[in-house]
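Hey, can you work out the whole structure from these sequences and the hints?
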Amino acid sequence: MYYFSQALVAIFLFSAQTTWLELFSFGGVTPDLILVWVVYCGVRFSRAGGIGAGIALGLIQDSLSGGLLGVNTLSKGLIAYFFSTLKDKFFVQGVIPIGIFLVCSSIFDGLVFYFSMGTILKGEVASSFLYQLLPVYSIYNALIGPFMFMILDRIDCWVQPNKSNFYMGTIR
Amino acid sequence: MPNQGSKNKRNIVLVSAILLLSLSLMTWNVKQEKGTRFLDSIAGIILSPVQIFFTHTIQSASDSINHYFFLVNVARQNDQLKLEVKRLINEKNQFIEHLARQKRLAKLMANEEDWERKTLVATVIGRDATQWSKVVFINKGTQDGVTDHLALITDAGVIGQVIHAGINTSKVLLIVDGRSAVDALFQRSRVSGVVVGMGDDECQLKFVSNTADVKVGDLVLSSGLGGIFPKGLIIGKVSKVFKKKQGLFQEITLIPGSDLSRLEEVLVLLP
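Residue numbers (the working numbering), protein chains in the order written: chain A, 1 to 172; chain B, 1 to 271.
Hints were generated in silico from the structure; no laboratory data involved.
All of these numbers come straight from a predicted model, not from anything done at the bench.
One or more of the hints may lead you astray.
A short list of chain B residues far from chain A (calculated; beta carbon distances all over 12 angstroms) [said to hold, decoys possible]:
| # | residue |
| --- | --- |
| 1 | Q143 |
| 2 | I167 |
| 3 | S192 |
| 4 | I234 |
Sample of chain B residues facing chain A (criterion: CB under 7 angstroms; computed from the structure) [what the hints assert, rightly or not]:
| # | residue |
| --- | --- |
| 5 | L14 |
| 6 | A43 |
| 7 | I45 |
| 8 | A129 |
We put the CB at the ideal spot given by N, CA and C, even for glycine.
Laid out in C-alpha cells, this is it:
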C-alpha cells in the first residue's frame, strides 16, 4: 500500500510538472515539485531510502527532460544524501528551516545544471540565469515547499498511521 | 554503534557511488546518442495517458471559464432558462473549440502542398520535467512514422526538432533551448547566420558580420542547410541589434515566430 501510494504520488507529480504547472509560472520560472519531494524523502525516509529515492527521482526526471542524462541524478542524489545525513544534526521541522533548505537545494540544483551545460554540453545559457532565474526559482520552491511537505505528511499519515515524526507538525 | 571513522568511510563511499553513477550516465549519454531511449520510452508510456488527461482537462476548464463570463448576464433571467442556456452554451463551447481547432489545422495545412515532405499533425501533451531545458512532448511516435531529427512547425514558423521518437510520444527540442542551432538567413538582405537558443524566450542570431545590413523587424528564415529544416520557413523576427565597436559579429536577438509557451497543435515534417 505504501509503495503503491508513493508510485501514485510520483505519477501525479511528474505529470503535473510536465503539464499544468506551466500555468503557475512566474517570470518564466515554475517550481520544481520533484526537488521538493527529494528534500522531503531525504529528511523523512531512512538514510538508504532517502538516497535511493533521490537517485531514482533524478533518473526519472532526466528521462523526462531534454537535458543530459545523469545531471538530475547527480544533483537530486546529492541533495537527498545531504539531507539524509544532516537531518540528525539540524532542526528540520517548521516552515523557516524547510524554506531555507529548499533555497539551498534549489541553488545547488541550478548550479549543477549551469556547470553541466557550460562544460559538457557546451550549450548557451541565458545571461539572466544566475542573477534572475535562479533566485526566483529558489524562492518559489521555498514558498511552495512547506505546503507540499504538509500534503506529503498527510499522505504518509494516511498510509502509515502508526508512524510519527512528521515535519510540518500539523498532523492529527 | 559505528565509530566516527567508519561513518566517515561510509559517507565517502556513498558520495563516490552517487558521483560514479551520475558520471557514468553522463558519459554513456554523451558517447551513445541513443543511450536514453529505453528510459525515455518507459517514462513516456507510463506518463503519457496522465499527461493527455491533464492537457485535455486544462483545455476544457479554460474553455468553460472563458465562456462562463458570457453566461452570467443570461443566467439571471430565470432558472429554467439559465439551465437551458448553460446547456446550449456548453454545446456551443464544444463547437467553438472544434471550430477553433479546425481553423488552426487548416492554417497549418494551408502550405502543405508547397512542401516536398508529407506532414503529420501532433498535439503537445507535456513540457520538460525540469526548469532548464526547453523541450516539449508530442503525442506521436515511431508507430505514427515519427523519427529523430524531424522538423516541427506551426503556421507561424519553426518550433524545433524531434530529439527522441518514442513508441507513442516524442521529445522535441525547441529552438529556444541552449543546445539548438538552426542555419538561417534574412529575408530582406539574404545574409546568413546561425540561430541559437538562449534557454529563455528568445534566440540569438550568431555569426552575422558587423558590416551586414540588419534592422529591427527583419524576418529570419531557415536556410535549408543542415538537412532538418526546409528552406524558407519563418524562424522569427529581429527584436534587437547591437553592433560592437570591436569585434567581427553583431549581437542580434530574435523573437521566435511561433509563441512557444502556448503550443497546442504542431506539424511534423515527415521525411
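Hint check:
no. : hint : verdict
1   : Q143 : 19 angstroms, holds
2   : I167 : 14 angstroms, holds
3   : S192 : 19 angstroms, holds
4   : I234 : 21 angstroms, holds
5   : L14  : 6 angstroms, holds
6   : A43  : 5 angstroms, holds
7   : I45  : 11 angstroms, violated
8   : A129 : 4 angstroms, holds
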